[in-house]
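Starting from two chains that each stand alone, build the complex the way the hints lay out.
Each chain, written out:
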Amino acid sequence: METVQLICIGCPMGCPMTVTLENGVVTSVTGNTCKRGDIYARKEVTAPTRIVTSTVRVTGSQTGAVTVPCKTKTDLPKGDIFRCMRALTGVTAKAPVHIGDVLAANIAGTGVDIVATKDVL
Amino acid sequence: MKHDLIILGGGPAGLAAAIAAYDAGLKDILIVERDKELGGILNQCIHNGFGLHTFSEELTGPEYAARFIEGVKAREIPYLLNTMALHVSRDKMVTLINRTDGIQTVEAKAIIFAMGCRERSRGALNIPGYRPAGIYSAGTAQRLVNIEGFLPGREVVILGSGDIGLIMARRLTLEGAKVKVVAELMPYSGGLKRNIVQCLDDYGIPLKLSHTVVDIRGKKRVEGVTIAAVDANNRPIPGTEEDYTCDTLLLSCGLIPENELSREMGVAINPVTNGPTVNESLETSIPGVFAAGNVLHVHDLVDFVSEEAAAAGRAAAAYVRQGDAKRHEIPVRFEGGVRYTVPSTIDPSFVQDAVTVRFRVGSVMKNRIVSVWMDGERAQKKRRQIMAPGEMEEIKLTRAQFDAHPALSELLIRIEEA
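Protein chains in written order, with our numbering: chain A, 1 to 121; chain B, 1 to 418.
With the rest of the complex left out, here is chain B (with noise of 0.2 Å):
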């Protein structure tokens, strides 16, 4: 079997890709899906939020997928459901497996990566304490609570301060359960502004900002964890325990792109995001195979999601009408507390109207400017009152820039203050 573009991940990502691609003239396309059903991680998140820059309204996660879910059937694009993909090789042979076809090989001409991240687990935080039942990661508590319809405990303590972990402070109220604290190990939360207050503060659910876990007690099921104050090196500070009874404890300690088939392709990762490093197409380090949505890197709004993808599924298409190009990359070097770009190169040859870079900064930042430098001239620049780690920048680099700069050799992304 061969066909143009395989999609592995019928999330947000790979739908809005497929859609992306279609429009663009590409139509032989197939998404791989291991789930059920398409739509993702969308199918769990009931909550409202979603779509507000998208579609200019607020929708329900299953809402904002079903429009995507009808974009793709629409145009009778192909796909695989129940369906993991093994393995990618350097030709792109995509291996996948199902119980109703077995093992099969399938080739394509260009691949977009779209399978999104998972939850970092207890294992990788190293909490101490007892293995109960009764630790879940908050994306686990919600697929129990919205799809299998359980609850997975009464009395909650919830690590970390992630918009999951928000989410399901207050979706656990909801159902009935007490929700005693959420504690963060940052000075800061992770979490959506919006989110603390109408997850949180609605239901006068306290954020301890400094705090984390130091202990899990209970043999069978948990009974209770122990949480203390932190220092300026996230070290607990002796003498500031305290207990909390309670029967479950959620992690939502951060999201972590899966990239096992990318890295055993050869896909060059960038260490930061946990993606693979892209260029302005949002392809990887290898021809054809591109990269869009929280698998490159994670996002907070589901809308940028859709957009990248889009990008990465007309580029996709762009790849297989023209094949190999040779490329002159230049490397999108950053200052000034920038954690890292995506694209980290661009060729401006292949920008065509303008070219979003999308970046996160490592810590609360107020009043400043980010100025975009070609060549040791100021391109751009962009007041922002505020920036905070949990929320994505961007900057769009136009092609009248590029254009402006026709030898461009060096491009630089500044946080300067303002």
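Chain A on its own, in the form it takes in the complex (with noise of 0.2 Å):
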């Protein structure tokens, strides 16, 4: 048996609540006061994802623009997030770039898009 101390986003109350996991499977949450905390809780502890967003180098921009922000196209496992942040130093954009073009596909192996959330000229 395993237990995980979260605190709750889904409001300010921020719920203390302990999540007991018996062979990787939740089989209690705890300390939440609504179901939202229930639902976090339990998708926190078993696949934690996170959106990455940062910025690459862009070079020929008309603006004078250096960097063009980006994100992953979906959730990251977070376990994978500074793999990410590692090979997007080795990235350059060409401009223009616009928003949703892929800046680099299949980033560090994870499977995820790197897209441009910025339109650069």
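Hints were generated in silico from the structure; no laboratory data involved. Here the structure is a predicted model, which is why all the values come from computation and not from measurement. Hints are supplied without guarantee of correctness; some may be wrong.
[What the hints assert, rightly or not] Mimicking DSBU-like on lysine-lysine, the simulated pairs with C-alpha atoms at most 30 Å apart in a straight line are: (1) Lys73/A to Lys43/A; (2) Lys396/B to Lys366/B; (3) Lys43/A to Lys180/B; (4) Lys220/B to Lys208/B; (5) Lys326/B to Lys92/B; (6) Lys73/B to Lys94/A; (7) Lys27/B to Lys35/A; (8) Lys73/B to Lys36/B; (9) Lys109/B to Lys178/B; (10) Lys78/A to Lys2/B; (11) Lys43/A to Lys178/B; (12) Lys109/B to Lys2/B; (13) Lys109/B to Lys73/B; (14) Lys35/A to Lys381/B; (15) Lys326/B to Lys109/B; (16) Lys35/A to Lys180/B; (17) Lys109/B to Lys36/B; (18) Lys366/B to Lys382/B; (19) Lys2/B to Lys73/B; (20) Lys220/B to Lys94/A; (21) Lys208/B to Lys219/B; (22) Lys366/B to Lys326/B; (23) Lys109/B to Lys92/B; (24) Lys73/A to Lys36/B; (25) Lys94/A to Lys78/A; (26) Lys220/B to Lys180/B; (27) Lys43/A to Lys366/B; (28) Lys73/A to Lys73/B; (29) Lys109/B to Lys219/B; (30) Lys73/A to Lys178/B; (31) Lys180/B to Lys78/A; (32) Lys73/B to Lys92/B; (33) Lys94/A to Lys73/A; (34) Lys382/B to Lys396/B; (35) Lys178/B to Lys35/A; (36) Lys78/A to Lys43/A; (37) Lys35/A to Lys73/A; (38) Lys219/B to Lys180/B; (39) Lys208/B to Lys43/A; (40) Lys78/A to Lys178/B.
The structure is reproduced here in structure tokens:
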């Protein structure tokens, strides 16, 4: 049996929750005040993911921009965040870039694409 | 030159106000922006979490801005970039300056203030110690990293747990810096819970509540800071000092609405919000001059800035159509821990379907009821499990409620024990 302490992010209450797992399966969530806490806790302890946002260098911008903001197109497992960030240091985009353009496919072998979040002309 | 409506500021508030004013039938609009592009601070807020309320999806700051910039461009609303407003006179003459046109004065029938806010600086915080390089406001560091492409330091201490400070703790960590601690003077964080968990807890960055920086060391460059616990009166407690070596100190200690132009014009300012006092139409003490967004009061979520600014845009359009009107405004009184309300007065005859009253509480409160009393009668109540200073509250007063009290003379918002 394993227990994990979490703070719910659903609302400003910030309920301190305790999740109990048995062989990786959630057996109980306590401390939450509402259903949202339960849903968040189960996802957070079994498969925590995050959207990663960052910037990459851009060359050839007419407006003089040196960076273009970007994000992972979908959630990334939490454990892959730093691997993704390291891989991003080697990525350079070429202007013009448009929102949604893929700047790096399958970043660091995670299966997730990096897309631009701003038009850079 | 003359325009029906001049909007000062091309950030989220200015963009939403312009679109709403245009859609309400006002076509002769000019947006004035001092930066080289529209979008305001959203351009450097590259993290996600914007637009959950407006678009039901999580956008990054630039993506959220782009939706409104597209809206302005699709309507062909004119805007000036790289242009500063130097002065706004009482009779709505706006003095502008830029490199191509020099100084020009433009007349407006209505004006919307949408200049946003700025960060509280070290000078305003009275932190003792030397004045070396390496002390930045969190927003400056954010601009350096996200737009200019520089990392401002390697070992960082952050004072203040406002949202920008929390976001920057994560951002600098991801870029390879070591964020050693976030110190917060108050016994609670001023940031959103989501940011504390996802920006600090995710990366094991400690948050020290009721702590502040009492010394900054280093002559040329920051070499370290001393942090101490504070007592109930926010005074450092001797003997609790802890030294941290670092090359950078970020300050995320609050935002101040940028109202130099408004003050100079003679607009009445609310001492609690540092923004103009406004009526239900978000109109300031000068008829035809409106305010919305962070220049009015500092918001936590841009979605509410857009919503508020759209209301100001519609009100400005109505003002241009109808001109000065006779008003009978009722003050919005408040009790029980409310620090301020926006608006501060309401003329019920100007309320269309509903008016949103936004407010903040002064301390963390659990299990309360927000009541609206009209002429001594409870018109509505809303149960709140928790309210915190860092999260703006709102309550909607409907047309029907005003209709039920046709001779309304007293309006009170009160927080009561549940």
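Verification of the hints:
Proposed proximity of Lys73/A and Lys43/A is supported: the alpha carbons are some 19 Å apart, at most 30 Å. At roughly 21 Å between alpha-carbon atoms, Lys396/B and Lys366/B fall within 30 Å of each other, so this suggested pair holds. For the proposed pair Lys43/A and Lys180/B, the alpha carbon gap of about 28 Å is at most 30 Å, so the pair holds. For the hint pairing Lys220/B with Lys208/B, the CA-to-CA distance comes to about 27 Å; that is within 30 Å, so the pair holds.
With a C-alpha separation of about 20 Å, the suggested pairing of Lys326/B with Lys92/B holds against the 30 Å cut-off. With a C-alpha separation of about 25 Å, the suggested pairing of Lys73/B with Lys94/A holds against the 30 Å cut-off. Under the criterion of a C-alpha separation no larger than 30 Å, the hint pairing Lys27/B with Lys35/A is inconsistent with the structure, at around 47 Å. About 16 Å separates the Cα atoms of Lys73/B and Lys36/B, which keeps this hinted pair within 30 Å; it holds.
Using a Cα cut-off of 30 Å, the hinted pair Lys109/B and Lys178/B is violated, with the two alpha carbons roughly 52 Å apart. A hinted pair counts as satisfied when its Cα atoms are at most 30 Å apart, and Lys78/A with Lys2/B does not qualify at roughly 55 Å. A distance of roughly 28 Å separates the Cα atoms of Lys43/A and Lys178/B; the hinted pair therefore holds under the 30 Å criterion. For the hint linking Lys109/B to Lys2/B, the alpha-carbon distance of about 8 Å falls within 30 Å, and the restraint holds.
The straight-line distance between the Cα atoms of Lys109/B and Lys73/B is roughly 23 Å, inside the 30 Å bound, and the hint therefore holds. Using a Cα cut-off of 30 Å, the hinted pair Lys35/A and Lys381/B holds, with the two alpha carbons roughly 24 Å apart. Between Lys326/B and Lys109/B the alpha-carbon distance is near 17 Å, which keeps this suggested pair within the 30 Å criterion. Annotation: proposed proximity of Lys35/A to Lys180/B is violated, straight-line Cα distance about 35 Å (limit 30 Å).
Our distance criterion of 30 Å between C-alpha atoms is met by Lys109/B and Lys36/B, whose separation comes to about 26 Å. Proximity of Lys366/B to Lys382/B is assessed by CA-CA distance (about 13 Å); at most 30 Å being required, the pair is judged to hold. Restraint check for Lys2/B and Lys73/B: satisfied, since their Cα atoms lie roughly 21 Å apart, inside the 30 Å limit. This hinted pair does not check out: Lys220/B and Lys94/A have alpha carbons roughly 38 Å apart, beyond 30 Å.
At roughly 26 Å between alpha-carbon atoms, Lys208/B and Lys219/B fall within 30 Å of each other, so this suggested pair holds. A C-alpha spacing of about 42 Å is found between Lys366/B and Lys326/B, which places the hinted pair above 30 Å, so the restraint is violated. Note on Lys109/B and Lys92/B: the hinted pairing holds, with a Cα-Cα distance of about 7 Å set against a maximum of 30 Å. Between Lys73/A and Lys36/B the alpha-carbon distance is near 28 Å, which keeps this suggested pair within the 30 Å criterion.
Between Lys94/A and Lys78/A the alpha-carbon distance is near 29 Å, which keeps this suggested pair within the 30 Å criterion. For a cut-off of 30 Å, the pair hint linking Lys220/B to Lys180/B stands: about 21 Å separates their Cα positions. A hinted pair counts as satisfied when its Cα atoms are at most 30 Å apart, and Lys43/A with Lys366/B qualifies at roughly 27 Å. For the given pair, Lys73/A sits about 26 Å from Lys73/B by alpha-carbon distance, which is consistent with the 30 Å threshold.
Note on Lys109/B and Lys219/B: the hinted pairing is violated, with a Cα-Cα distance of about 53 Å set against a maximum of 30 Å. Note on Lys73/A and Lys178/B: the hinted pairing holds, with a Cα-Cα distance of about 27 Å set against a maximum of 30 Å. For a cut-off of 30 Å, the pair hint linking Lys180/B to Lys78/A stands: about 21 Å separates their Cα positions. Taken as a hint, the Lys73/B and Lys92/B pair is honoured in the structure, with Cα atoms around 26 Å apart against an allowance of 30 Å.
Straight-line distance between C-alpha atoms of Lys94/A and Lys73/A comes to about 19 Å, which keeps the hinted pair within the 30 Å bound. Restraint check for Lys382/B and Lys396/B: satisfied, since their Cα atoms lie roughly 10 Å apart, inside the 30 Å limit. Using a Cα cut-off of 30 Å, the hinted pair Lys178/B and Lys35/A is violated, with the two alpha carbons roughly 36 Å apart. For the suggested pair Lys78/A and Lys43/A, the alpha carbons sit about 12 Å apart, so the restraint of at most 30 Å is met.
Among the hinted pairs, Lys35/A with Lys73/A is consistent with the structure: their alpha-carbon atoms are about 28 Å apart, no more than 30 Å. Of the pairs offered as hints, the one joining Lys219/B and Lys180/B holds, with about 21 Å between alpha carbons and a cut-off of 30 Å not exceeded. For the suggested pair Lys208/B and Lys43/A, the alpha carbons sit about 28 Å apart, so the restraint of at most 30 Å is met. As the CA atoms of Lys78/A and Lys178/B are separated by approximately 19 Å, the hinted pair is consistent with the 30 Å bound.
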